[in-house]
Amino acid sequence: MLRTSNPAMKNNPFGEPQTWDRFGDSDLASEAKSKPVRTPGVMTLQGTINKSFFLLAICIVTAVFAWDLTTPIKDGVMVQPTLNPWFTALGGVLVAFVLSLITTRKPQIAPGTAPAIAVAEGVFVGAISASYASWFASSDMETGGLVPDHTIVLQAALCTFGVFAAMLTAYTTRLIKPTEKFKSIVVSATLGIMFLYIGSILMSLFGMRMPLLHDASPIGIAISAVIIVVAALNLVLDFEFIETGVKNKIPTWGEWFGGFTLLITLVWLYFEFLRLLWKIRTLVDD
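Residue numbers for the sequence shown follow numbering that gives the first Met the number 0, beginning at 0 and rising by one.
Read the hints as simulated data drawn from the structure, not as lab findings.
Hints are not guaranteed to be accurate.
[Stated by the list, open to error] Derived lysine-lysine pairs resembling DSSO-like cross-links, with alpha carbons at most 30 Å apart:
1) K246 / K176
2) K246 / K105
3) K246 / K182
On a predicted model such as this, the values are computed, not experimentally measured, just so you know.
Required output: the full structure, derived from the provided sequences and hints.
Right, here's the structure in full:
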């Protein structure tokens, strides 16, 4: 998948490459004591993990600030927000989308764009989480004000990282293998979902609504479940890129690009879980 024209790379001077299924292996740990941890300028698995955690931390911290601006809490109840949560979320996702397109076209700039994308994604996550938490807000018995429901946010986060752990396990044990046919199906389904959402946004600008996609109905829930499956399978493509990049010893920009792709998929997965949980709770409450 990833190749290099550098003749120095073809002689494999770096030893055996790291892979996901060897990470944490006791033999690998003993090798690390007698060999350099990493070769400067070359993508490594540990470096990618570090970059991924760094980008995730940026996203979470930014999300907290975005939450405070879109759903401020005073004396335990919600007060008038500084920013509209929906417009803030839309702004964050648009910035992240544009930067992601640029980064995908030129992955060598990922060390500079990946942190910026993490900030934009954090704005989106914080604002959209505040919106869904406010949707199910309950009345405070003492003050009469509204208190946001954090349960749906926690549930979506737990589901997201649970699926991440499951897909990582399935990939490292080779229960799921990213064959060319598999990758073709996942990419095609992902593009279809992307165009579906773009069409929904364009329709909303003219006061129209995409049927079934946003409905809190059995069909709407089934659609969300299918989208979640596609998002989860994208994690396999992310893992495969990282492992291939490490194996082919591409430059260190691959670590940032790998972390960027993981973050994008995790945020997408989290958003879809929010939507699914919202549909289920709305259907049950009705």
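Quick rundown of the hints versus the structure:
1. K246 / K176: Given that 30 Å is the threshold and the Cα spacing comes to 17 Å, the pair holds.
2. K246 / K105: Given that 30 Å is the threshold and the Cα spacing comes to 21 Å, the pair holds.
3. K246 / K182: With a Cα-Cα distance of about 19 Å, the restraint between K246 and K182 holds, given a limit of 30 Å.
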